[in-house]
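I would like the entire structure built from these sequences, with the hints used as guidance.
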Amino acid sequence: PLPAPAGSAGVKRGLAVVLNVDPLLRGALDGVLTELGFEVSSGDAAQALSQAYESKPALIVSNLQAPGAVELLTEMRLDTLLMGIPFLFIGDMPVEQAMGLLPWGDSTVRFVKTPFERDKLKLHVLELLG
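Numbering follows this note's numbering, in which position 44 of the sequence shown is assigned residue number 318; successive positions increment by one, without gaps.
Each hint should be verified, as a subset may be incorrect.
As the list claims (entries may be wrong) - When the alpha-carbon atoms are kept at most 27 Å apart in a straight line, the in silico DSSO-like pairs for lysine-lysine are as follows:
| # | residue 1 | residue 2 |
| --- | --- | --- |
| 1 | Lys387 | Lys330 |
| 2 | Lys396 | Lys286 |
| 3 | Lys330 | Lys394 |
| 4 | Lys286 | Lys330 |
| 5 | Lys396 | Lys330 |
| 6 | Lys286 | Lys394 |
The set of hints was computed from the structure by calculation and includes no laboratory data.
In structure tokens:
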């Protein structure tokens with residue numbers, strides 16, 4: 275097992291919006307995000323875009339295979355107010371296939387294959403946040 279990320283206890287990281295994640299994964303994902311200090315909200319792509327303008331979340335997590343997920347990322351990357359919000363995509367597709375759908379060289383976008391290990395997911399989130 276990996277060690278718990280240092281400095282994550284008690285840190286408030288802001289809002290994480292979770293989109294279209296399978297209910298079986300949602301509990302584990304919400305638990306990881308809460309442990310890392312996020313307030314967690316959920317919705318669909320349209321709700322996430324609206325919420326991004328209202329409260330500028332610290333992180334957006336989405337099922338890569340969900341309708342509108344990649345389009346949401348594309349739309350947000352074109353808006354100077356929203357372009358820097360990190361995206362963590364999850365899904366059960368092969369990593370090579372997922373990377374073909376996502377922009378190359380964008381350090382604010384990550385893909386994690388499901389099922390995931392909680393500690394590894396924590397590390398991915400922390401690395402994504404810088």
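We went through each hint and held it up to the structure:
no. : hint             : in the structure
1   : Lys387 to Lys330 : 26 Å, holds
2   : Lys396 to Lys286 : 15 Å, holds
3   : Lys330 to Lys394 : 25 Å, holds
4   : Lys286 to Lys330 : 15 Å, holds
5   : Lys396 to Lys330 : 21 Å, holds
6   : Lys286 to Lys394 : 20 Å, holds
Violated hints: none; the structure is consistent with every hint.
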